[in-house]
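Novice: Spelled out, the chains give:
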Amino acid sequence: MRVGLFIPCYVDQFYPNAAIATLELLEKLGVEVGYPAQQTCCGQPMANSGYEHLTGGCNDLFVANFAEYDYIVSPSGSCALHIKEHLHTHDNEEAATGIRKKIYELTEFLTDVLKVEKLDAKFPYRVGLHQSCHGQRGLKLAQMTELTASPFSKPGSLLNMVEGVELVPLKRADECCGFGGTFCVAEEAVSAKMGKDRVADHIQAGAEYITAADLSCLMHMEGILKRQKSAVKVIHIAEILNGVKESVA
Amino acid sequence: MKDHAELSEVFNEDEQRVNWHDETLWFVRQKRDKASHQIPDWEELREAASQIKHNVLSNLADYLEQFEQQASNNGIRVHWAADALEHNKIVHGILKRHGISQMVKSKSMLTEECHLNHYLEEQGISVVDSDLGELIVQLAKEPPSHIVLPCIHKKKEEIGDIFHEHLGSVKGEADPQVLTETARIHLRNTFLSRRAALTGVNFAVAETGEFVVCTNEGNADMGAHLSDVHIASMGIEKLIPKRKDLGVFLRLLTRSATGQPITTYSSHFKRPRPGQEMHIILVDNGRSVQLGREDFRNSLKCIRCGACMNTCPVYRRSGGHSYHTAVAGPIGSILAPNLDMKQYADLPFASTLCGSCSNVCPVKIDIHEQLYKWRQVIIKEGYGDKKKAAAMQAMAYTLSSPKVYRLAGKAGRWVIKHVPFAVNNPLNPWYKHRDMPDAPKESFGEWYRKNRK
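Respectively, the protein sequence lines represent chains G and S. Position 163, counted from 1, in the first sequence is what my numbering calls 151; the numbers after and before it change by one each time, with no gaps. Just so we're on the same page, my numbering is the position in the second sequence counted from 1, plus 252.
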């Protein structure tokens, strides 16, 4: 099994530790991982702003970089969902269709493909799990509170395999953090208020760390936590599952 | 005119009020959860409702003609209105014929959409809204901020002030029971003295030619039963094929709206009582255009429960008036651009696309996916922000070239690390309430080249 590692642009540039943890975790689980050096972005920032017609360059690059792999894995539910729903290309639609079917968000891949049942990691902290909307409602990584259906959580189950993790109960288990791509600047007032409220929920629950399967939400909440000079930190789920080690300062 | 972002910024100047608004509507969402989770086949009910409406939309012309036929047989006078103005003229024409200059109205979002009150006032006809929430916003000279809870943006103390000014209640009185009684006395006189009543329509049954009006206050019934002339206004999408379909929709409507099992009154109007005139106005006003838009036609399945507003984290923190349209919130944001793409170009962007709206929708409208699709249409039609267009072009150029991307990334990180004031300033909207992420010394790509190959 050959897995292509897709590291979204902002993770590559601002959160390399989450990417390293994803790579190490997959390697530890015996997966042969390739990282195509010419990758950039899934195209979502343009598409969600109404400029899907400008994503052709990103789409062509994505297909060229990832068509050869058996699976494509990304530590971002939002970017994985965008590829799954919107990747098309004029030159090689067959390859694009293949990619749409074989792209996975990390926790989904660990749960559904690798069927991970135990992890060698320790993280002795109280952790708030933020359910990122695109991962949860788009990729169905966890049950949604709106539906009348049985509960499950792929990221939650994986976190429970880590020694010492104590998941704290939130008042609103799956409310959006307000990031929303360009929404965070175009609708600054509501976006920031949503972020403040989400962070407050984790803090009242006693979280020492906020984690998620998406760094965009964590980046948003981190920006608010730092402004408030809070001691609460954000950490990508891959870093917890991998056991926090190597870091790029 | 201010757009959604600007109006939301004003709304957010009073954070305590935003918290109160958010908590109030979240409470309604929780009531909805409690009510819906008690029905084991809730998801099947939603699917059934969605499919019934799918049938209606696919055969709308036939059902409309069937309804017209049946209603006419029952003695109801049926009118057709192509747009808001024609609707308003029909209402005015009926009133004029009877020499009526005062009308009582129960809740109807369609008449808000058509700006009927304003039109009739210009013709010298006074309209009193009899739904308590509608009455409050009417006295305050404001539009409703929510389709089910029209004055949800007002605190009880503010309502006390309005009633003191207009209805003569004691100054400073804010007890809901007392205020409701004040409105009740005021409205009782209105009901007794008005010869014409207008109601909305929740469901119209093609099979029988009857229509159903759902209220909690009984005000629609009081108005209709005491009037010589009953006018009902309905959008053409309010049809359902058969009476038995009500068993699906009435179970869904109020549980979704307020968490009640059913409204206090689900009143069926089938024929005028002897001596009464009953009119129904079938209003298109853009609906047949929306029906022709393949990506957006499902929006016409809407039964106006308001669940998408109560669950929307943006609506709860921006208020209904920030949407500057009769129907606010997520559903309004996919309906309004059909009516005027330029005026409502901002609304499909007033969302994080979190998808909660689609999950609570009792007729399973793919609201957040339609928001995404409207964005594409609005930009292609040229109603986007020109500055943003240039930024998007630059971004697409950068991300389409691995080389340019790596250079830009490196430059960006260098700037954040070495000249932070270049980004940490008021020109950067992110920075107003949020710090920038730290800039690591190397990207993952750079780390990978050193450590893996």
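Just so you know, these hints were derived from the structure itself, not from any lab. Certain hints may be false.
In silico DMTMM-like cross-links for lysine to aspartate or glutamate, where the CA-CA straight-line distance does not exceed 20 Å [said to hold, decoys possible]: (1) S:Lys616 / G:Glu15; (2) S:Lys625 / G:Glu20; (3) S:Lys705 / G:Glu15; (4) G:Lys72 / S:Asp618; (5) G:Lys89 / G:Glu105; (6) G:Lys217 / S:Asp687; (7) G:Lys128 / S:Glu373; (8) G:Lys221 / S:Asp618; (9) S:Lys655 / G:Asp48; (10) S:Lys616 / S:Glu296; (11) S:Lys393 / S:Glu373; (12) S:Lys407 / S:Asp618; (13) G:Lys128 / S:Asp618; (14) G:Lys89 / G:Asp108; (15) G:Lys159 / S:Glu299; (16) S:Lys705 / G:Glu73; (17) G:Lys90 / G:Glu15; (18) G:Lys103 / G:Glu73; (19) S:Lys408 / S:Glu373; (20) S:Lys406 / S:Glu394; (21) G:Lys128 / S:Asp266; (22) G:Lys128 / S:Asp547; (23) S:Lys494 / S:Glu469; (24) S:Lys625 / S:Asp637; (25) S:Lys408 / S:Glu275; (26) S:Lys632 / S:Asp687; (27) S:Lys594 / S:Glu529; (28) G:Lys159 / S:Glu296; (29) G:Lys128 / S:Asp413; (30) G:Lys214 / S:Asp690; (31) S:Lys705 / G:Glu151; (32) S:Lys639 / S:Glu621; (33) G:Lys72 / S:Glu621; (34) G:Lys110 / G:Glu15; (35) G:Lys159 / S:Asp274; (36) S:Lys702 / G:Asp100.
Derived list of chain G stretches under chain S, where covered just means 3 residues or more per stretch with a C-beta under 8 Å from a C-beta of chain S [stated by the list, open to error]: (37) 56 to 65; (38) 121 to 128; (39) 143 to 149; (40) 217 to 230.
Treat the numbers as computed from the prediction; the structure is a model and nothing was measured. Quick reminder that beta carbons are idealized off the backbone N, C-alpha and C, glycines included.
Novice: Give a verdict on every hint.
Specialist: Quick rundown of the hints versus the structure:
no.	hint	in the structure
1	S:Lys616 / G:Glu15	41 Å, violated
2	S:Lys625 / G:Glu20	38 Å, violated
3	S:Lys705 / G:Glu15	15 Å, holds
4	G:Lys72 / S:Asp618	17 Å, holds
5	G:Lys89 / G:Glu105	24 Å, violated
6	G:Lys217 / S:Asp687	10 Å, holds
7	G:Lys128 / S:Glu373	51 Å, violated
8	G:Lys221 / S:Asp618	35 Å, violated
9	S:Lys655 / G:Asp48	15 Å, holds
10	S:Lys616 / S:Glu296	11 Å, holds
11	S:Lys393 / S:Glu373	13 Å, holds
12	S:Lys407 / S:Asp618	33 Å, violated
13	G:Lys128 / S:Asp618	16 Å, holds
14	G:Lys89 / G:Asp108	30 Å, violated
15	G:Lys159 / S:Glu299	29 Å, violated
16	S:Lys705 / G:Glu73	33 Å, violated
17	G:Lys90 / G:Glu15	19 Å, holds
18	G:Lys103 / G:Glu73	24 Å, violated
19	S:Lys408 / S:Glu373	28 Å, violated
20	S:Lys406 / S:Glu394	11 Å, holds
21	G:Lys128 / S:Asp266	36 Å, violated
22	G:Lys128 / S:Asp547	23 Å, violated
23	S:Lys494 / S:Glu469	26 Å, violated
24	S:Lys625 / S:Asp637	17 Å, holds
25	S:Lys408 / S:Glu275	15 Å, holds
26	S:Lys632 / S:Asp687	34 Å, violated
27	S:Lys594 / S:Glu529	40 Å, violated
28	G:Lys159 / S:Glu296	28 Å, violated
29	G:Lys128 / S:Asp413	48 Å, violated
30	G:Lys214 / S:Asp690	11 Å, holds
31	S:Lys705 / G:Glu151	33 Å, violated
32	S:Lys639 / S:Glu621	25 Å, violated
33	G:Lys72 / S:Glu621	14 Å, holds
34	G:Lys110 / G:Glu15	18 Å, holds
35	G:Lys159 / S:Asp274	14 Å, holds
36	S:Lys702 / G:Asp100	32 Å, violated
37	56 to 65	violated (count 0)
38	121 to 128	holds (count 4)
39	143 to 149	violated (count 0)
40	217 to 230	violated (count 0)
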